[in-house]
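Student: Place chain B on chain A using the hints.
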Amino acid sequence: MKKTLYSLRNYKKELIFGPLFKVIEVIFELLIPFLMKYMIDVGIKSANNGEGLNKIIIPGVIILCFVIVGFCSTLVCQYLASIASQGFGTDLRNRIYQKVCGLSLDDIEKFNKGNLVNLITNDSNRIQLGVALLIRLVIRAPVLVIGSLICSFIINVEIGFIFLAIVPLVSIILGLILYFSGKQYLKVQSKVDKMTGYTNDSLKGSRVIRALNKQDIVIQNYKEYNFEYFKESKTANIIAAFINPLTFLIVNIAIILVIYFCGDFVLNSKLDDGDLVALISYLNQILMALIVVSNLVINFTRALSSMKRVDALLTYGPTIKNNPIVENHKINKGDELICFKDVSFKYLDSENNVIEKINLTINKGEFVGIIGGTGSGKTTLIKLIERFVDVSEGELLYKGYNVKDYDIKTLREDISLVNQKSVLFNGTIKSNLLMGKKDATDEEITKALIDSEAYSFVKEYNDYIDHEVLEGGKNFSGGQKQRLSLARSLLKNSEVLILDDSTSALDYLTDKKVRENILKRKDVTLIIVSQRATSLMNADKIIVVDNGKIDSIGKHEELLNKSKIYKEIYDSQTLAKGE
Amino acid sequence: MKNLKFLFKYFKNSKLNLILSFLCALVFVPCTLLIPFLTGKVVDVFTLIIENKITYQEYINLEINYIIYISLCIILVVIFQYIFESYVNIFIERIIVNIRNDLYSKLNSLPIKVIDSHLHGDLISRCINDVDNVSTGLISGYKQLFQGIITVIFTIFFMFFQNWLLGLIVLVFTPFGFFISYLIIKYGNKYFKKQAKETGDLSSIVLESFNNIEVIKSFNFEDESFIKFEKCNKKLYKAGQKAQFVSSLVNPSTRLITNSIYGIVGLIGALLVVYSGNLGYLGIDLTIGGIMSFLQYTNQFSKPLNEVSGCVSEIQTGMNSLKRIKEIIDLDEDIDNGKTEVSQINKIELKNICFEYNDEKQIFKNLNLEIVKGKKVALVGPTGCGKTTIINLLLRFYDPNSGEILINNINNLDIKKSSLRNNLSMVLQDTWIFHGTVLDNIKFSKPDASLEEVKEACKKANCYDFIKRLPKGFDTVIDDESGLSNGEKQLLCIARMMLKDSDILILDEATSNVDTRTELKISQAMDNLMKGRTSIVIAHRLSTIKSSDLIYVLKDGAIIEKGKHEELLLKQGFYSKLYYSQFN
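Protein chains in written order, with my numbering: chain A, 1 to 579; chain B, 1 to 584.
So here's chain A without its partners, still in its complex pose:
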């Protein structure tokens, strides 16, 4: 909880003065019955005795003044509450966003992206609402309850004890109900999460669902999830519905007790009947205050469960830590750039190594190909170099030092990666390309577009590089997206360029041209991960990966003789069937 509420520290003033003004309002509210009693008891008697209307008019005017002052102090409180809670929510969202940006991919997978998005869009709002209600309404209740208690003791000590007895009783009952309904609401929430996931899945698969004519089935499934939700929420409602009647019951039992005991007191002249009216109205005030709070229960259980989720994220110690002790430095062409020494890697909570005891060296200026079957561990090698994940065993050296000793930012500045999944962001072509180099000129951009073979289609747009890119780049075809994300990485002009199967949607001709364009660049170290042997034939070094291990390393011709796996891949791609 602490981590989440940490953001409140910026709103100390609001958090102190907001409730303070609320308390002022409550005090005025508690004083009004006293004045009213005075006006009626004393004022009317004195007017009847011919002493004028002063004792009626003056308290009346004071009451109206109190009402207005009370209103004004509420306004102040509401204003402060809106600043504090909205500001708190805003800070919290910022913090969550930054936290997520600092997590490793492995961590993010563990938290699940959908849940992380929800933390910002949903959970923060709920916590924010909780804070607002806390300032605006919840403070009122204890003050009103305590105030009424004090007033009851002022009127009569014995009756005061009845008051004192019901407050804990009501609190215990409320607490129990809150406990059980809170637990139940967590179950309800998990059903909602399930529906969210299912909706997400079916939106992604809308083409497949339609092609298979399975709309009815998914709708049926959804209805079942929805019904599960209904069942849980029904239980939650059945529990929560006890709140109002039970509080009402206890407070009214107290009223009966008060009446019963008061009878004797009145007979013994310890009380007059005006006091009785006042006592009952105070009891009703307590009831109202408690009901207001208990009606907010749902909001608070939601806020609480959201807070738990946010806290789990904020307190999470990222698995990848940034402790830079080595400065980036230049090395010469041909020097050792990347070196894997007995490197193994396995995912968190997993027992099997994805890659095992990998040893390989990549020198500056080389063109290196990595080839291997599905799930052979090719992409893991890249993730390790970029420090998206850290090695589980062994050592990974970059320019002679352990990658962990570099500033992560420097490392990623040095290495350009074009992903398997080509990703474009909402904006323009230009805004996407500028990710690679913030201050790139239009000429540089054009050059990158030409090198990535994207120029041919980009130049056809009237607005050229200012052409709009929709969310996820969905107004471009797969191949266009790949070429644009290539251009983005080329613009970065970094020492190492890694293409992770990022030309799979390109035809051979374009693929080849792109490769040639890149190799023309000076001193660049090019690492291509591919499933096409033909794309790698000219590489200085081809690394064949199989089942998480290195099968063999060598040039194309060597490998044809040396590696059975490589030969099989090559043959399957080049020879016509049956030959």
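Hint data in this document are derived by calculation from the structure and do not stem from the laboratory. Treat the hints loosely; a few may be bogus.
[To be verified] Taking lysine-lysine and the BS3-like style, the derived pairs with C-alpha atoms no more than 27 Å apart in a straight line are:
(1) 234(B) - 430(A)
(2) 472(B) - 204(A)
(3) 512(A) - 571(B)
Tutor: The following block gives chain B in isolation, referenced to the frame of chain A:
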């Protein structure tokens, strides 16, 4: 108003629920009001005994009687309020469940074009969060409305019964409360709208960057993306803070009015008592006790007003969410005017097709294409030439701007979509795996398939071995995000289509994510499957389509070459250039 009408539709079948909940409220609300009346009576009894107007025995009897009445009221309130609360909650939840189901069904009948052009995050949030907001608003609004109306009616009755002049004062001043609330809500609405918009913007930014976090990281773009987020978050703060403040004004404002009425009633009441001797002819005869109970009723009267205004922000949020839901419900559904059923496709013919997405770049200019039963047809061409678009057209995810697609010489617009799609199987470039077991995912295409059939299909698709190696085999729970490599996901999608086993297969780069050794095995299995069936293959790896009966070469939106592999090579045209480029 239109939105409310939409909501009322869901109450149509709930007349009984409405009546029952109204009856419950009709029992417990008056009982709640009777309690202060009865306690007032007890006070009167005290006065009587002090003034020695009744004997002690009479006093005891009266007191016990009233206590029994009060207890009775309490019991009735407790029982009926409980029934009311739980009943209303549950029956509104049921309505909410229906709304959610309708929304989801709607999503499944929207044209693909609409789904492509909407942010998925936004659609999901409309289905889940907005429905949640409607439920919260509806439950509190509905409860307050019922209790409020009944309370108001009964207290007005009690008040006028006690003193008509004071009753009139309360009635005249109360509308001020409504008026002020109305003004505030109207003024605040613009901030609420703004808040909703900023929330939407923020969530699409989050979705976009979290989904592509690896790209952001590899470009060291964390700070920039945070700045973008922060900017939007700041806008949300400005709108949200105002919206919150304005909506939190409503309740204090109505309290200002009701508290003032309380003071005025007390003041005028006191004056009336003083002058009541002179006003007897107006029918006003007020005692001190009379003012006391009248003041209590004034409080009772203002209670529902305060409570309704207390849930104003919930109702307001609910109304806004209702609007967002209605927007989805109002979207046009996928048009399916076709009536003809096809049981077998013998010929597919594309005639003079022109097509473009969103009036932008033209994808096809007068495209002509023919696919005959039993043949393996391949489509090749440079990137972006529109190969994938053909799938969109064939499966009628999109319809051409001009030209026609003939299926067995029938225009495909006249064929029922479901019937058309039943004859086609497709494997797309983007794999689709949903959260569920491996078995669920494969069986999706044929829910009644036996385990044997599934195993058979998996063996053919070469994924049986890796499935067996998964922790729980076919029962392993998987989803799109984790667990499987792209290639494995692709294999599962192929197995899914293997199981469907329909006349025509459409493979769009279906094996681009599978390593070539596996691909070879798959294509052998595919070859077996394709025997005697029509297949349309879209591939960049020319080696996989050499055995095609007919190859169409697409470029710039039209077919530039067609023929068998060897014929095309002999032509020395674009195809041969493409083909030889893979050997350098």
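Student: If a hint holds in the structure, say so; if it does not, say that too.
Tutor: Hint by hint, here is what the structure shows:
Distance restraint check for residue 234(B) and residue 430(A): the Cα-Cα separation of roughly 25 Å lies within the 27 Å cut-off, and the hinted pair is therefore satisfied. Straight-line distance between C-alpha atoms of residue 472(B) and residue 204(A) comes to about 26 Å, which keeps the hinted pair within the 27 Å bound. Only pairs whose Cα atoms come within 27 Å are accepted, and residue 512(A) paired with residue 571(B) is accepted, the gap being roughly 22 Å.
Every hint, counting from the list given before, is met by this structure.
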